[in-house]
Amino acid sequence: QVQLQQWGAGLLKPSETLSLTCAVYGGSFYWSWIRQPPGKGLEWIGEIHPSGSAHYNPSLMSRVTISVDTSKNQLSLRLTSVTAADTAVYYCASNTDYRFDYWGQGTLVTVSS
Amino acid sequence: QSALTQPASVSGSPGQSITISCTGTNSDVGGYNYVSWYQQHPGKAPKLMIYDVSSRPSGVSNRFSGSKSGNTASLTISGLQAEDEADYYCTSYTRSSTWAFGGGTKVTVL
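Line by line, the protein sequences are chains A and B.
Residue numbers for the first sequence follow the numbering used here, so the first one is 3 and each next one is one higher.
Residue numbers for the second sequence follow the numbering used here, so the first one is 68 and each next one is one higher.
Just so you know, these hints were derived from the structure itself, not from any lab.
Predicted model only: the values in this text are computed from it and were never measured.
Certain hints may be false.
As the list claims (entries may be wrong) - Incomplete in silico selection of chain A near chain B, CB under 8 Å:
id, residue
1, L44
2, E45
3, W46
4, N59
5, Y100
6, R101
7, F102
8, D103
9, W105
10, G106
11, Q107
What the hints assert, rightly or not - Just a sample of chain B residues kept apart from chain A, beta carbon distances all over 12 Å, derived:
id, residue
12, N129
13, S141
14, T143
15, G146
16, D151
Said to hold, decoys possible - Ranges between beta-carbon positions, derived for each pair:
id, chain 1, residue 1, chain 2, residue 2, range
17, A, Q76, B, P109, 25 to 33 Å
18, B, S121, A, R80, 32 to 40 Å
19, A, K15, B, S80, 43 to 51 Å
20, A, S17, B, Q148, 45 to 53 Å
21, A, V4, B, S122, 12 to 20 Å
22, B, S125, A, A25, 18 to 26 Å
23, B, S76, A, V4, 28 to 36 Å
24, A, A86, B, P74, 26 to 34 Å
25, A, S17, B, S94, 31 to 39 Å
26, B, G82, A, S64, 47 to 55 Å
27, B, G146, A, A87, 36 to 44 Å
28, B, N100, A, L110, 31 to 39 Å
Just so it is clear, CB atoms sit at the ideal spot from N, CA and C, and this is done for glycine as well.
The task is simple: from the sequences and hints, build the whole structure.
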């Protein structure tokens, strides 16, 4: 099974900016970020298409930026002004024809002072 | 956006069948055939089990099946096996061009 590779800082202080990157592959479909707080369920953060079309979870939209660099095949996530509530495992995933078929290994991001 | 509603837990004995429900609204589950189901074992990334309500990806056991009626989608696991013990999540595309997830269901094999 294909697993996407992702990386980024795992420990942040409140008010800092979360930044994660995921190695993706070429194709004309969407790429998503999804997160999972410890012991809780999955939450969709947002998605982007190589064309630049993006959609975001309304609850996070004011703080989130998702981008894709097609020349490097890299997907990025920026989440500003983090708080303890943003502590979660963050996953990147491919959206192929309305399904999340391939996922990254997950990155635990902890927000603590 | 509202999360989809799933039971917190479902259990069954080996060999039995269980069904997990996923209830949404006309704006998500009831409005699109883009419901998918994911299996997640502890410490692992979710794995796609069902997509487009009832289609199975290559490599997924035919013991897993999906259906939908109105605003409720369902995942059925037949011939329950110990390896099926995991958390299961449903998701649906929504009218707002976003994705809604269910709260997750813990499946226990007795």
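Structure-based check of all given hints:
Hint status for A:L44: holds, given a least beta-carbon distance of 5 Å to chain B, under 8 Å. The beta carbon of A:E45 is positioned within 8 Å of a beta carbon in chain B (closest approach about 6 Å), and the interface hint is therefore held. A distance limit of 8 Å between C-beta atoms decides the matter here; for A:W46 the minimum to chain B is near 4 Å, and the interface restraint holds. A least Cβ separation of about 6 Å between A:N59 and chain B falls short of the 8 Å threshold, and the interface hint therefore holds.
Checking A:Y100 against chain B by beta carbon gives a least distance of about 4 Å; that is within 8 Å, so the hint holds. For A:R101, the shortest C-beta to C-beta distance to chain B is roughly 4 Å, which falls under 8 Å, so the interface hint holds. Restraint check, A:F102 versus chain B: the minimum CB separation of about 6 Å is within 8 Å; hint holds. Checking A:D103 against chain B: minimum C-beta separation of about 5 Å stays under 8 Å; hint holds.
About 4 Å separates the beta-carbon of A:W105 from the nearest beta-carbon of chain B, less than 8 Å, and the hint is met. Taking 8 Å as the C-beta contact cut-off toward chain B, the hint placing A:G106 at the interface holds, the least distance being around 7 Å. At a threshold of 8 Å, the smallest CB-CB gap from A:Q107 to chain B is about 6 Å, leaving the interface hint in force. Every C-beta of chain A lies more than 12 Å from that of B:N129, the closest at about 18 Å, which supports listing it as non-interface.
A cut-off of 12 Å between C-beta atoms confirms that B:S141 is not in contact with chain A; the least separation is 17 Å. Consistency note on B:T143: stated as away from chain A, and its beta-carbon is indeed over 12 Å from all of that chain's, at 18 Å minimum. Every CB of chain A lies more than 12 Å from the CB of B:G146, the least distance being 22 Å, so the non-interface label holds. For B:D151, the non-interface assignment is confirmed: its Cβ lies about 17 Å from the closest Cβ of chain A, beyond the 12 Å cut-off.
Checked against the hint of 25 to 33 Å, the pair A:Q76 and B:P109 passes, with Cβ atoms roughly 29 Å apart. Take B:S121 and A:R80: their Cβ atoms lie about 37 Å apart, and the range 32 to 40 Å holds. The given range of 43 to 51 Å is respected by A:K15 and B:S80, whose C-beta atoms sit roughly 49 Å from each other. Hint check: A:S17 to B:Q148, Cβ distance near 47 Å, so the stated range 45 to 53 Å holds.
Take A:V4 and B:S122: their Cβ atoms lie about 18 Å apart, and the range 12 to 20 Å holds. Take B:S125 and A:A25: their Cβ atoms lie about 23 Å apart, and the range 18 to 26 Å holds. A hinted range of 28 to 36 Å for the beta carbons of B:S76 and A:V4 is consistent with their spacing of about 31 Å. For A:A86 and B:P74, the Cβ-Cβ distance of about 29 Å falls inside the hinted range of 26 to 34 Å, so the restraint holds.
Checked against the given bound of 31 to 39 Å, the beta carbons of A:S17 and B:S94, roughly 35 Å apart, stay inside it. As the Cβ distance of B:G82 to A:S64 is approximately 50 Å, the hint placing it in 47 to 55 Å holds. Restraint check, B:G146 to A:A87: a C-beta distance of roughly 40 Å satisfies the suggested window 36 to 44 Å. At about 34 Å, the beta-carbon gap between B:N100 and A:L110 stays in the expected band of 31 to 39 Å.
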